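Student: For reference, the chains in residue letters:
Protein chains: 2
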Amino acid sequence: MKKITAKFGGSSLASAAQFRKVGAILAADPDRRFVVASAPGKRDSGDTKVTDLLYRCYDLAAAGEEYLPVLDAIRARFADIAGELGASFDVEAELAPIREHLAAAPRRDYMASRGEYLNSRLLAAWLGWPFVDAASCVRFRSDGSFDADATQTLLSQALSGLDRAVVPGFYGADETGRVVTFSRGGSDVSGSLVARAVGADLYENWTDVSGVLFTDPRIVKNPIPIPYITYRELRELSYMGASVLHEDAVFPVRRAGIPINIRNTNRPEDPGTMIVAALPEGVTPPPVTGVAGRKGFSSVLVEKSMMNAEVGFGARLLDIFAEKGVPFEHCPTGIDTMSVVVSESLFTPHKAEVLAAVEARLKPDSVKLEEGLAMIAVVGCGMVANKGIAARILGAVTAAGVNIRMIDQGSSELNIIIGVREEDYETAIRGLYKEFHQ
Amino acid sequence: MKKITAKFGGSSLASAAQFRKVGAILAADPDRRFVVASAPGKRDSGDTKVTDLLYRCYDLAAAGEEYLPVLDAIRARFADIAGELGASFDVEAELAPIREHLAAAPRRDYMASRGEYLNSRLLAAWLGWPFVDAASCVRFRSDGSFDADATQTLLSQALSGLDRAVVPGFYGADETGRVVTFSRGGSDVSGSLVARAVGADLYENWTDVSGVLFTDPRIVKNPIPIPYITYRELRELSYMGASVLHEDAVFPVRRAGIPINIRNTNRPEDPGTMIVAALPEGVTPPPVTGVAGRKGFSSVLVEKSMMNAEVGFGARLLDIFAEKGVPFEHCPTGIDTMSVVVSESLFTPHKAEVLAAVEARLKPDSVKLEEGLAMIAVVGCGMVANKGIAARILGAVTAAGVNIRMIDQGSSELNIIIGVREEDYETAIRGLYKEFHQ
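From first to last, the protein sequence lines stand for chains W and G. Heads up: the first sequence begins at 1491 in this note's numbering, then just goes up one per residue. Heads up: the second sequence begins at 1491 in this note's numbering, then just goes up one per residue.
Next up, chain W with everything else stripped away, as it sits in the complex:
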């Protein structure tokens, strides 16, 4: 019998109707045996997430102000779901320790974690599954940092005797039992940790989109989901701004070789996106897997005749940026030119100093600063086999009327990075989508 760890996001557990969808998904495959639950999310665009209500409640309590009306709104969310489902879940009894905590010395992480806690208790009660509290088996150190090794041991022990279980996402606790939340990645990280601890065959991440999208849906309407994507491709898209799983949520299962399946709770018939170490046999990679990008880059173009003859010139140029703690993104080099592409927000505070140091130390013929650049990563492990792909990519951007300011493709051949003016960014992305999916 296989083991699937299924994590359900906030929108997947926002209401009784959504709970029923989750119930049906679990019933559809008995291998789905370990569930990680988020707090109830928004039911519609005007709604407030339970976690945000909890933060508000904490802020009011910490400021000595009236928080009971907010707590009551939280109670109502859970009471509504439980009532509608007919679940045997005593909301008032569950809220009692929270009321006591608020009246005594409220802690932010503890309060923030209660959405996941209560929702998981409710889900476990409704399903009739055991509940395992993350506070007992997701371990943080006393300095607040996450302890991966202790967590792997504790979670494995806690879940080893269980055929199935519901575990709340987003939080854990230190040795004293003090609750600590994940600063990045939230319940996605918890799901990944549970999948690794139980040695899952698959980590399903149920959300409200049918997978990782080919590109930003704010730019292209209804972009297709990506059927298969490698961890590395995902990381590249993610780094360049794609809104996908946080790296911290990928790392535990990636290390264990467990594939991730991003699924849509509202369209369980959709296969979603499989995130894998390598494409399974028989699956041919498309020419381009996905496209992501970001605005807010600057390029510092240094020209110096006979630059190539000065061994160490490039290292000294990059050193100037490193000294100021400014990471560089790319450094395209011509014969007598070298550009350093940096994130504007990280560069701007040091701009004057860096430019002055370049002038003083490298004695260049000229230094030109170009601001307002956007960088687009066109990612795909299929590029290696597809000789014409780089030409098609540039052709598509050009056909969209966009002037390409910079191109960078390294030997890894996993991506091509294109620099364009910020005002051309959306046009370029749409041109790329049109070329590969319309």
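Simulated from the structure, these hints should not be mistaken for lab results. Note that the structure is a prediction, hence the values are computed from the model and not measured.
No copy is singled out in the list; a pair is fine if it fits within one copy or between any two copies.
Below, computed lysine-lysine pairings styled on PhoX-like, alpha-carbon distance capped at 25 Å:
#, residue 1, residue 2
1, 1814, 1794
2, 1877, 1924
3, 1814, 1853
4, 1794, 1853
5, 1711, 1785
6, 1877, 1858
7, 1858, 1841
8, 1785, 1877
9, 1785, 1858
10, 1794, 1858
Given the coordinates of chain W, work out where chain G should sit on it, guided by the hints.
Tutor: Just chain G now, kept in the frame of chain W:
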């Protein structure tokens, strides 16, 4: 009245017939008033250049062997030209000091310079123009390095009173009168120095091709000559292996803003190539000015997850190459990858050490070495205005069936660098020629 400095190469002055062509070229434009002459080159593919004969003569003399037959062959070359032209040129009298030199203590530079010396004497005699010896006005320091400032002063003085003159190329002398030859660029450098010293309006460089060719004629049959090329474009093509004027020959006139015209002595009706600081008004740059490339590159691909988060990673990587004195040509960067492209001949002696240092200091996830790469520079100042040019370039290479291993285009937009496997190099060049000129 304008001043043109005309330098004639070895093939342009290889025989009496070639001398007559040079005479006609000078007669056709009275502005051609300062001539720099090379030694007689090959008259046909089986012939030997006079300078090579002179080296052979020196080698024999220095080894204490019989050199008189070689000296006699040299004598015959000049006697033949002078006789056929009917020039009043006493070859024996001119050879006397050379014979004395050889019998005493032969010096390599002095012997090498005699081809230019004798040919210029002969040309001046035949034209009835003054002869100005480069030994008196092209100045080297006692350590053998060239003294540009002293030369400018001395050459200006020597030529200022003259309406026209013939100056031998390739050599000069130190303060003691000891002859020193240019190590690079030869007579092209001399021509450039004379053009600058007389404040020429134009530096004509007469050779046996009708200009700078679009690409390597060994790869593409009869490539078109480039009508206009900027100094910077020329330098980029030259750096990447195009056989054009040496940088040292461009520098003096570039600094003085004197354009260079590469012309064909055998086809004086061809306009040749104008090398300029900027294209004259009304001249539209073509999408691509020229294509050059070289084999013999390696790429060191370093992969490390979260590399971007390590400020200074790139600088530290390049530092390792700089410490070993290995200049890098390009460093295309991905999200978690950085490649360093280096010349194989410079890298190979340090390969093991560099790779070990990369492993030890940067703790990368992987380091991959790819050898046998060729780099192609597609150069053109017209790329800025031509949005589609990058796509056309990659499309042409792809259509030729070549897999592109690397692309690098910086903000300067003067070129695109493409990396391909060495075995694909010629195919890629032919594909580019076909795209832009067939």
